[in-house]
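Enquirer: Below, each chain spelled out in residue letters.
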Amino acid sequence: MPRPLTPPLPPCAVAAQSVPCSRRRGPVACSVVQVYSRSTMWSRQRGGLKPLRCGVEQLRCRRREREAALRKARREQQLVSKRLLRDEALEEAEEGCVAMIFGEAEIQQFLRLAQRGTEEKEREGALVSLRRGLQRPETQQTFIRLEGSIRTLVGLLTSNQALLQLEAARCLHELSHSEQSAVVEACLPATSYLLTYLSGHSSDFIELCLYTLGNLIVESEAVRRQLLPQGIVPALAACIQSPHLTVLEALGYALSQLLQAKEAPEKIIPSVLGSTLPQHMLQLLQPGPKLNLGVAVEFAWCLHYIICSQVNNALLITQGALSTLGLLLLDLAGAVQRTEDAGLELFLLQKQPSLLPEGLWLLNNLTANSPSFCTSLLSLDLIEPLLHLLSVSNVVSVLVLTVLCNVAEKGPAYCQRLWPGPLLSSLLDTLAFSDTEVVGQSLELLQLLFLYQPGAAQAFLQQSGLQALQRHEEVAQLQDRVHALQQTALHG
Amino acid sequence: MQLPPALHARLAGAPGSAEPLPVERDPAAGTTPFSFAPRLVRFPREHDFFEDGDVQRHLYLQDVLTQVGGAPERPRRPSARVPEFTCQVAGCCQVFDALEDYEHHYHALHRNVCSFCKRAFPSGHLLDTHILEWHDSLFQILAERQDMYQCLVEGCTEKFRTSRDRKEHLVMRHLYPADFRFDKPRRSRGPAVPGAAEQVLAEALGDDRVPSEGDAMEVCSEHVEPSPEPAGERRAYSHRCLTRI
Numbered sequence: 001m002p003r004p005l006t007p008p009l010p011p012c013a014v015a016a017q018s019v020p021c022s023r024r025r026g027p028v029a030c031s032v033v034q035v036y037s038r039s040t041m042w043s044r045q046r047g048g049l050k051p052l053r054c055g056v057e058q059l060r061c062r063r064r065e066r067e068a069a070l071r072k073a074r075r076e077q078q079l080v081s082k083r084l085l086r087d088e089a090l091e092e093a094e095e096g097c098v099a100m101i102f103g104e105a106e107i108q109q110f111l112r113l114a115q116r117g118t119e120e121k122e123r124e125g126a127l128v129s130l131r132r133g134l135q136r137p138e139t140q141q142t143f144i145r146l147e148g149s150i151r152t153l154v155g156l157l158t159s160n161q162a163l164l165q166l167e168a169a170r171c172l173h174e175l176s177h178s179e180q181s182a183v184v185e186a187c188l189p190a191t192s193y194l195l196t197y198l199s200g201h202s203s204d205f206i207e208l209c210l211y212t213l214g215n216l217i218v219e220s221e222a223v224r225r226q227l228l229p230q231g232i233v234p235a236l237a238a239c240i241q242s243p244h245l246t247v248l249e250a251l252g253y254a255l256s257q258l259l260q261a262k263e264a265p266e267k268i269i270p271s272v273l274g275s276t277l278p279q280h281m282l283q284l285l286q287p288g289p290k291l292n293l294g295v296a297v298e299f300a301w302c303l304h305y306i307i308c309s310q311v312n313n314a315l316l317i318t319q320g321a322l323s324t325l326g327l328l329l330l331d332l333a334g335a336v337q338r339t340e341d342a343g344l345e346l347f348l349l350q351k352q353p354s355l356l357p358e359g360l361w362l363l364n365n366l367t368a369n370s371p372s373f374c375t376s377l378l379s380l381d382l383i384e385p386l387l388h389l390l391s392v393s394n395v396v397s398v399l400v401l402t403v404l405c406n407v408a409e410k411g412p413a414y415c416q417r418l419w420p421g422p423l424l425s426s427l428l429d430t431l432a433f434s435d436t437e438v439v440g441q442s443l444e445l446l447q448l449l450f451l452y453q454p455g456a457a458q459a460f461l462q463q464s465g466l467q468a469l470q471r472h473e474e475v476a477q478l479q480d481r482v483h484a485l486q487q488t489a490l491h492g
Numbered sequence: 001m002q003l004p005p006a007l008h009a010r011l012a013g014a015p016g017s018a019e020p021l022p023v024e025r026d027p028a029a030g031t032t033p034f035s036f037a038p039r040l041v042r043f044p045r046e047h048d049f050f051e052d053g054d055v056q057r058h059l060y061l062q063d064v065l066t067q068v069g070g071a072p073e074r075p076r077r078p079s080a081r082v083p084e085f086t087c088q089v090a091g092c093c094q095v096f097d098a099l100e101d102y103e104h105h106y107h108a109l110h111r112n113v114c115s116f117c118k119r120a121f122p123s124g125h126l127l128d129t130h131i132l133e134w135h136d137s138l139f140q141i142l143a144e145r146q147d148m149y150q151c152l153v154e155g156c157t158e159k160f161r162t163s164r165d166r167k168e169h170l171v172m173r174h175l176y177p178a179d180f181r182f183d184k185p186r187r188s189r190g191p192a193v194p195g196a197a198e199q200v201l202a203e204a205l206g207d208d209r210v211p212s213e214g215d216a217m218e219v220c221s222e223h224v225e226p227s228p229e230p231a232g233e234r235r236a237y238s239h240r241c242l243t244r245i
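If you read the protein sequences in the order shown, they are chains A and B.
Reminder that position 439 of the first sequence reads as 439 in full-length UniProt numbering, one-by-one numbering, no gaps.
Reminder that position 61 of the second sequence reads as 61 in full-length UniProt numbering, one-by-one numbering, no gaps.
Be aware that a few hints might be false.
[What the hints assert, rightly or not] Cβ pair distances, simulated, as ranges:
1) LEU315(A) / ASP48(B): 23 to 29 angstroms
2) ASP128(B) / LYS72(A): 49 to 55 angstroms
3) GLY294(A) / PRO27(B): 51 to 57 angstroms
4) GLY103(A) / GLN146(B): 53 to 59 angstroms
5) GLN56(B) / GLU473(A): 39 to 45 angstroms
6) ILE101(A) / PHE139(B): 49 to 55 angstroms
7) LYS290(A) / GLN56(B): 22 to 28 angstroms
8) PHE139(B) / ASN369(A): 58 to 64 angstroms
Keep in mind that the hints were calculated from the coordinates and are not lab data.
No residue lacks a Cβ here, since even glycine has one placed at the ideal position from N, Cα and C.
Chain A with its partners taken away, still in its complex shape:
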């Protein structure tokens, strides 16, 4: 007697379903925001911005603080962030109740009630109280030191009572989110069950298990050394076929934490690449009406960690990574671009200046060894937009000039297409920069133009190029090249 795949509902519940029952989560009421190098977390919010209580300036200030803390943490290789899932519906129901610090006796009482209480509501209630208490680090510490507490919690997690299971999982989730390693590692006895439940069907429960696993994964290598032999990679591979977006996003998060690990290139990425995960990831990144940004963000990060580890990028390319990502980029660029100007993701870059270095890096790697790409750049009139980026920053200028050099070094046919035009005046502008690297790259480009484009040196002279060069005659890194160019310009 096969069971229906979706639970059959009585009519009153069907009527109630017209009310959207999607998960709601929101920031949790808390009077203090603390900045750690391993940072505190807030629950994820859906559905747009919340109305702001404090001023915009205050927010900006806080954000700058956070950024500075993150940069410092990254330099110290201490960058750890976790995600916390708290259900807003639950929070609303519990409104007005502040998370308490519980002592041993209280915790024991809750556990006893949950385990052996006679009334179901009583048992659930006990676990709910415990869960709220576990939002406080003090309660967490007391809990893990209490003998048998984790064992009892795991017993509840694997019990026959579905609602007790859910609450026990929520308790574990709170623990997984802790700043204290001891608290997080106390969750280890539960991992084999969390992994087992990933093959289930209850999307909310699976989502919770995944976020918990993600938090555990990022905690320490010791945790990962247990999770890998327990089969986390095959478990995730089985789970990625879920149709639920919430599950997929949670999975992406957990996987990204796994791939970020220090030992990932040797110990984790090979088995991920050997699984069906990459092809499913790429499928979830396909542009089109089904693309979900929350999901795509997580898997884009997964791909980033895999690719920059340089383990086996050829495999990803055979699976269509380049075309998928290229098309996705185009799709995103198209979403931003609203005018009729011809343009590439350069226009996306103009709208999203924080993407400029990455975008230009991409262009460099595309054009370095490819006459086709260089030709495309020329025939699609993309040189001028590139030149506009020269005033953004030194880093960006160097990258733009490098891309232009990639084109120019391919010979006369290419330089001819760079000439005449705004290129010369742009170069004269960059020669006025004080940054040595920018000027140096400009000099390299000039050499190529003088070599391959008849008339370029002449035009350079006519536009007071020599004066522009003069100011760098004494700079150690530049003087040899400056003199060489002066000679070429004057004597051919």
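With the hints as your guide, set chain B onto chain A.
Expert: Just chain B, lined up with the frame of chain A:
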């Protein structure tokens, strides 16, 4: 798609769709004092180049952008609570007031149920394994001659002669707990113990006082007709119905 169609087609088209211009290099290019040569750039993960991106990523994870200090205003949204309703599965009397709770209950307790002994399993995979090992006589016959007990970890293809060997493999190789709840050995035949339901429930909840001779996943005997509801549910049933009267 907002990009001009011709551009989009060009960029998305097959490689070499634009005929490349001829390449013709002069040996003097990039020679001393110049040094330019095109090269592919690869950054290792820890490189500073990725600092901005990583910071953005962590700000996103931390939801800093929408974070507010103090008690946040929560926009009023429809509640997840609905009028109380009962599980529709025959014999199950569990009551709910939230659809999500019901969904989990259904999947946990009614979805992967063994039709022979009514035990519930967390996944189809474990249910299939259980049916094979506990209720398939052909399996028993084959198991006398070859390794039939499959490792429970997905992706591991190891098979074992006995369920005990498999358990040892799970513990040693896969670091599973020795008392993993979903891998209890099938007990040899014996009469069902009256009051087993109570015992089973207590054990399912990890009650240490009850001597553990087995647990919820175990069946006492093939001869005994199992009760129509899973033991745990029956207790809830009787309690629930009593209190409603």
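Enquirer: So the hint says 58 to 64 angstroms: do the beta-carbon atoms of PHE139(B) and ASN369(A) match that?
Expert: At 59 angstroms between Cβs, range holds.
Enquirer: Falls inside 22 to 28 angstroms, the C-beta gap from LYS290(A) to GLN56(B)?
Expert: Hint holds: Cβ distance 25 angstroms, inside 22 to 28 angstroms.
Enquirer: With respect to the beta-carbon atoms only, verify the hint that GLY103(A) and GLN146(B) lie 53 to 59 angstroms apart.
Expert: Between GLY103(A) and GLN146(B), where Cβ atoms are some 56 angstroms apart, the hint holds.
Enquirer: When you take the CB atoms of ILE101(A) and PHE139(B), is the distance between them in 49 to 55 angstroms?
Expert: 53 angstroms, holds
Enquirer: Note whether the CB distance of GLY294(A) and PRO27(B) lies within 51 to 57 angstroms or breaks it.
Expert: 53 angstroms, holds
Enquirer: Go ahead and decide if the range 23 to 29 angstroms is satisfied by the Cβ distance of LEU315(A) to ASP48(B).
Expert: Holds, at about 28 angstroms.
Enquirer: Against the range 39 to 45 angstroms, how does the distance between the Cβ atoms of GLN56(B) and GLU473(A) compare: consistent or not?
Expert: 42 angstroms, holds
Enquirer: Measuring from beta carbon to beta carbon, are ASP128(B) and LYS72(A) in 49 to 55 angstroms?
Expert: With a Cβ separation near 51 angstroms, ASP128(B) and LYS72(A) satisfy 49 to 55 angstroms, so the hint holds.
This entry satisfies every hint, going by the numbered hints stated previously.
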